[in-house]
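Enquirer: Each chain, letter by letter, is given below.
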Amino acid sequence: MNRQLAAKKQRLTERARIVQSIRAFFISQDYLEVETPLRLPANAPELYIDAVVSGDWDLQTSPELAMKRLLAAGYEKIFQISHCWRDQERGGRHLPEFTMLEWYRAGCNYLALMDECESLLRHLIPTDSFKYLNHEIELSLPFERISVNEAFQRYCRTEAEEALAEDRFDELMAFEIEPQLGKQRPTILYDYPVELAALSRHKSSQPNLAERFELYIGGMELANAFSELTDPVEQRRRFVETEAARRKSGKRPRPMPETFLKELDQLPESGGIALGIDRLIMLMTNAKTIDEVIFFAPEDL
Amino acid sequence: MYSCSDLKKGLKILIDGEPHVIVQYDFTKPGKGQALYKCKLRNMISGSLFDRTYRSGESFEPASLEERDMQFLYRDETGYVFMDQKTYEQVTLAEETVGDDKYFLIDNMEVDVLMYGDRGIGITLPNFVNLRVTQSDPWVKGDTAAGNNKPATVETGYTLQVPSFVEEGTLIQIDTRTGEYSTRVKE
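Chain order of the listed sequences is C and U.
The first sequence runs 11 to 311 under this note's numbering.
The second sequence runs 1343 to 1529 under this note's numbering.
Next up, chain U with everything else stripped away, as it sits in the complex:
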């Protein structure tokens, strides 16, 4: 169990049975009064943010979360299905849990799945992913507004800015942390 003195930014605790992370924290104490611990918390399942104030003497159950190496298998109507590389156990993550990461998921990709008990609540992608450009108009010389960049759509439906020399069918590397073009992949 944690006590109030353990509270700090980044700490993960259980509230009403769900894991929460402290995203903002402040200690205050009105003149001679009791210590108050003001926290902004994020529900790690729903993503919702809210404020809560704790007093000294309160205790908190740690939210035990585990990251597991998994492989992305496929998507179906229930969501995104991943498989544990060691146990072959399968876990399905809802579309809203995967969020925009869905644009960088390709079949058989290895990702870290954040598990709360037997429930997948988030994924961490590899930093870079290779995706093929499926649509991109040729660069029009003299279109200086966009510099040397032009829009391109990749196989997952994601659209980003790429350099003018990238053509349809080119395999490109994308930084999943920023969503930006990184380099052209030599094949």
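Isolated chain C (complex conformation):
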């Protein structure tokens, strides 16, 4: 018998229950569950996300583009639970193939999604608090909300813009800021420099910031959300710029997602969010590594 696999049974049974509970939440909120293809001619170009090749096409890195096409076609509240692939991502919290929950909603922005994150978490964990590793995480209070700028000032004594200009943003975020977030209660980190939000809308009051947020619990990044960019000209400009930067750094050239760009002018004002289900299950089953909450890691195959 594969003892390692047998030992996971309790966690994996809990995993199935959690996924059912996620579905129940979205169905109760009048969301429609959708299934879009996993194999695509092109993903949205991202500087630091690489797709896994599948024939002439790629496996999806996120169902984002297909789901926004649904929004543009009048599907107003949709969610999807699907596998995503990101090449070379492997660590204690990363798998090259993982399970993503994404949901999109017309007629709202990222603020409404922040509230919805809180509702989802409280639905999934009905107790006032829960323990994750050595953190006691409070759920009865509103989630902490802190801007990216405030986080850099508080935890690094520097400005986010300065860190970005000095090319230290990612290191400071990963090693100084993230471990401090969501330790006592979940934290929403919001308003990113526009350079770091390829598909999100700029803040009208501060055009150097993008309406993007991330949810952190117990020092772990759980979800990423945007007020969706609905301007096809601006979107194409950003895609072209990112694709050019990708090619310049020696990455495989990919075509523009033309069908998405063509239909983007129909996209209503909307918000969208992607949440890593494996990490959510790590939190809810008190697992230290992502391997503990999946049936098989790539190395097991």
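Think of the hints as simulated: they come from the structure by calculation, not from any bench.
Hints may be right or wrong, so weigh each one.
Claimed, not checked - Think about it this way: if two alpha-carbon atoms lie no more than 25 Å apart in a straight line, the pair counts; the simulated DMTMM-like pairs of lysine to aspartate or glutamate are:
#	chain 1	residue 1	chain 2	residue 2
1	C	K258	U	D1348
2	U	K1374	C	E126
3	U	K1374	C	E253
4	U	K1354	C	E309
5	U	K1350	C	D310
6	U	K1374	C	E205
7	U	K1380	C	D288
8	U	K1374	C	D40
9	C	K261	U	D1348
10	U	K1351	C	D301
11	U	K1374	C	E56
12	U	K1374	C	E268
Add chain U to chain C, keeping to what the hints say.
Expert: Okay, now just chain U, sitting in the frame of chain C:
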């Protein structure tokens, strides 16, 4: 050349011209940001430990290390001198490189010497070595605190716990991996 995706525990790479081994490794990636590879490295010459973070796109030169069968010849003021069994080439390892292994080195002993280029940076001893006890007081009956064991010093100056029946002049076998008594050698 290695790329970041080759990084893992145990990999040996060159940094500033010196061989290093990765003793701890973690991959992380802040939301939509670039992949960061956090490594704890040990300098295989000095033994010093330090942290370093790499980003995707960086590349690493493999540290080509070679183990060679050598014989221990003697010790002098420069260190411990070994000779390659095939080429008769001699290599001297500094006292701090040999470290506590010096207690188990006896003349003509065959060991594996880890070579970086023409430089010896470490040795691997045979698992067991026979050494003669040079000093050990007789066991005092009723000294239950130490059980049936008592301290003994061997010819290299190493001191360890041995069973009560081991006397001065006895040849004993020591496990070099743990430094513990293994058995008495019949002569």
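Enquirer: Please go over all the hints and tell whether each is borne out by the structure.
Expert: A quick look at each hint next to the structure:
A threshold of 25 Å between alpha carbons decides the hint, and for K258 (chain C) with D1348 (chain U) the separation of about 23 Å falls inside it, so the pair holds. Between the alpha carbons of K1374 (chain U) and E126 (chain C) the distance comes to roughly 22 Å, so the proposed pair stays at or under 25 Å and holds. A distance of roughly 15 Å separates the Cα atoms of K1374 (chain U) and E253 (chain C); the hinted pair therefore holds under the 25 Å criterion. Taken as a hint, the K1354 (chain U) and E309 (chain C) pair is honoured in the structure, with Cα atoms around 22 Å apart against an allowance of 25 Å.
A C-alpha spacing of about 17 Å is found between K1350 (chain U) and D310 (chain C), which places the hinted pair at or below 25 Å, so the restraint holds. Among the hinted pairs, K1374 (chain U) with E205 (chain C) is consistent with the structure: their alpha-carbon atoms are about 11 Å apart, no more than 25 Å. Of the supplied pair hints, the one linking K1380 (chain U) and D288 (chain C) holds, its CA atoms being roughly 22 Å apart against a limit of 25 Å. Note on K1374 (chain U) and D40 (chain C): the hinted pairing is violated, with a Cα-Cα distance of about 30 Å set against a maximum of 25 Å.
Taking the CA atoms of K261 (chain C) and D1348 (chain U), the gap is about 18 Å. The hint holds against a cut of 25 Å. For a cut-off of 25 Å, the pair hint linking K1351 (chain U) to D301 (chain C) stands: about 18 Å separates their Cα positions. Between K1374 (chain U) and E56 (chain C) the alpha-carbon distance is near 8 Å, which keeps this suggested pair within the 25 Å criterion. Annotation: proposed proximity of K1374 (chain U) to E268 (chain C) holds, straight-line Cα distance about 22 Å (limit 25 Å).
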